[in-house]
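Undergrad: Each chain, letter by letter, is given below.
There are 2 protein chains.
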Amino acid sequence: MSKYPRSPLAPDEFPALPVIAGAEFATIAAGVRYAGRTDVMLARLAPGTSVAGVFTTSKTRSAAVLDCQDKIGGDADSGAAILVNSGNSNAFTGRAGFESVSRLTASVAEVLGLPQTRVFTSSTGVIGEPLPDDRISAKLSDLAGTLSEGGLEDAAKAIMTTDTFAKGATREVDLPGGKVRIAGIAKGSGMIAPDMATMLVYIFTDARYDQAALQRLVSTINARTFNCITVDSDTSTSDTLLLAATGASGVDATGAEAFDAALNDLMLDLAHQVVRDGEGATKFVEIRVEGAASDADARTHAMSIANSPLIKTALAGEDPNWGRVVMAVGKSGAAADRDKLSIRFGGVLVAENGWVAPSYREEDGAAYMKNSDLVIGVDIGLGSGSATVWTCDLTHGYISINADYRS
Amino acid sequence: MSKYPRSPLAPDEFPALPVIAGAEFATIAAGVRYAGRTDVMLARLAPGTSVAGVFTTSKTRSAAVLDCQDKIGGDADSGAAILVNSGNSNAFTGRAGFESVSRLTASVAEVLGLPQTRVFTSSTGVIGEPLPDDRISAKLSDLAGTLSEGGLEDAAKAIMTTDTFAKGATREVDLPGGKVRIAGIAKGSGMIAPDMATMLVYIFTDARYDQAALQRLVSTINARTFNCITVDSDTSTSDTLLLAATGASGVDATGAEAFDAALNDLMLDLAHQVVRDGEGATKFVEIRVEGAASDADARTHAMSIANSPLIKTALAGEDPNWGRVVMAVGKSGAAADRDKLSIRFGGVLVAENGWVAPSYREEDGAAYMKNSDLVIGVDIGLGSGSATVWTCDLTHGYISINADYRS
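Quick mapping for you: the protein sequence lines, in order, are chains A and B. Residue numbers for the first sequence, in the numbering used here: 1 to 407. Residue numbers for the second sequence, in the numbering used here: 1 to 407.
Some chain A residues well away from chain B (every beta-carbon gap over 10 angstroms; in silico):
| no. | residue |
| --- | --- |
| 1 | P5 |
| 2 | L147 |
| 3 | D295 |
| 4 | V348 |
| 5 | K370 |
Here are the computed distance ranges between Cβ atoms for each label pair:
| no. | chain 1 | residue 1 | chain 2 | residue 2 | range |
| --- | --- | --- | --- | --- | --- |
| 6 | A | S359 | B | P115 | 35 to 43 angstroms |
| 7 | A | G333 | B | R216 | 18 to 26 angstroms |
| 8 | B | G73 | A | P11 | 55 to 63 angstroms |
| 9 | B | S148 | A | D337 | 37 to 45 angstroms |
| 10 | A | P358 | B | L66 | 18 to 26 angstroms |
Source of the hints: derived by calculation from the structure; they are not laboratory data. Model, not experiment: these values are computed from the prediction. Beta carbons are placed, not taken as given, at the ideal position from N, Cα and C, and that holds for glycine.
Work the whole structure out from these sequences, hints included.
TA: In structure tokens form, the structure reads like this:
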């Protein structure tokens, strides 16, 4: 799918996704930009489906994002549809961008017999070029004709851009009323940072869930999953996460802790997969900060570490350069005291009391850095604030991908 | 000096620096970390020298920085000294780091017959390793014995770390009382970002300047020069700028506009040289933002553009990827309106009214990007706030330098 090799951090295989009753999928090659591959996915959701979503906070967000935001909270009775294309983000395309969204949502509404207010679209790819929406519209009848309950894996492939592997996750939850299933797909590998990333995420469940409660739940979980990952600190104009609860299982999951925990787990799984496909990534890195003056301070420190080019290049070089961690804590702007700071690489205590730990041996740090999954632990030593974020290293691969992506 | 080739953006040659009456310099190879090169510089400043300084705001700043900060504003009558070593930053070295600074400043004070409170030191290089200050102390008599008025260019070389060229600048100013001279040197190429950079800057003038007024002047000029450059958004624990006004010319420049302008010009020159030596840099890039809601907002947008890895890699690839500029404005957090934004690459109007400009041709943007010096102009279209910052591109060279710098 991608012209780049599969990420060394990719999972072994795409998971077997269950059928989600009430949700059907279809994909097609519309030639939006790419040749020889599918680039459009359509999802049809049964009447009664609750739809929740979170979106990029970029002030230059795309027409599709603005349109989705307007539609969240709408009437669930009539069902819904999600149309996604890759290859062109329809972002920063002025008035024409809004017109494309309007034409597409109207066409989908007509083909599927839905109100236009229940048709959500996303576009991902190059910014600033007009979306050839006529190529997509021309395929809508064909798409609608091939909708099937089993098409979610194909959908995961159709929405890829620079991704090197398709991303999917699934969970089952046993509730008192019966079993419900959750399945999700995601795309994203560059321009990944809160809030959120060039990241598209679509999650489907056959549980019934009150729409307003679902929206609160998704926002809460998003804050500790997708908004805690960063590949390059850059934030997309198009980030979108939509969750559709069809209710077709007949089981109401509203407020059920087991469901909420499973959804959290699934969203974290997908978020980690996005980091594992970070452009050029060879290391998957968890940054755990504790002992900060507040949770917000902990997050500021963690993101300062996760986004530091000097740390990310040291990770690429398998260099246990804890001095750069000290630097990143110092520059973050959040409260810190050099002499109370301690740093661990995995289980190896590296620095404490304002200096290298007496027990630390450089060989231990260097050996740990050879792992492909790394944990950097920082105790600020000031309070009880904590945060965990995830990132990857910065390699020659990132430069290669991004210095010639557009041309 | 560096193991990396001279930056393609370097000036043709090091400028001929004038003698600054009242200032003498010496350098020596003390073997702090590097072999076969000078790594320590000493400056002796005549009685009556005003010293002003600005320093990193890092919360994990080094012992030498803290010591210098304490000493700014001290009595000028007794003269002063500046001792700088490269190879080891003596940062995050706990109690031992302070003891090293104390021993070094005491030794210099003794050798030169100065109060310890007038001895300023800086250290640059690897973080977290004990400074072998005994190697420096052992050379102090030799250093003092070779102090000469002409040694400033050699000093510029002694303070280099990953720099690929020595950095110097000079200006002359005709004041009513006579001519005064300013000469400065700088080092820095990585970990460059406000406030400030792994950047050391030492400026000398034979003008007389009231010490408190000089401190205000340096702080003001620093805010629009060194604090407006960024190579990689990372901030050092050791950044130091010291300005010494010996007064030996007998000409008082306090408050003289011509002097202030010349100093501004010299500091901007040195700041630009630091960017031109940005690790791996092949493009020198000026980001001009105007039309923002405030100057602060303009700076936020400008720094968001200047620090975006996706923009910096596009510049490296000579890709006129203005969509990434839209992205960086959108993510910055400062006020913006997609449909009021306009973007220029040099004289080429690229985008306006929320879309690509009708007159824009991709060939024009691509041709412009082939220049080694670039200007990205953004008009936010909201107000009259403006800011200009300088940065470089992000290349394979940066990765190569930083993935193996320490080992």
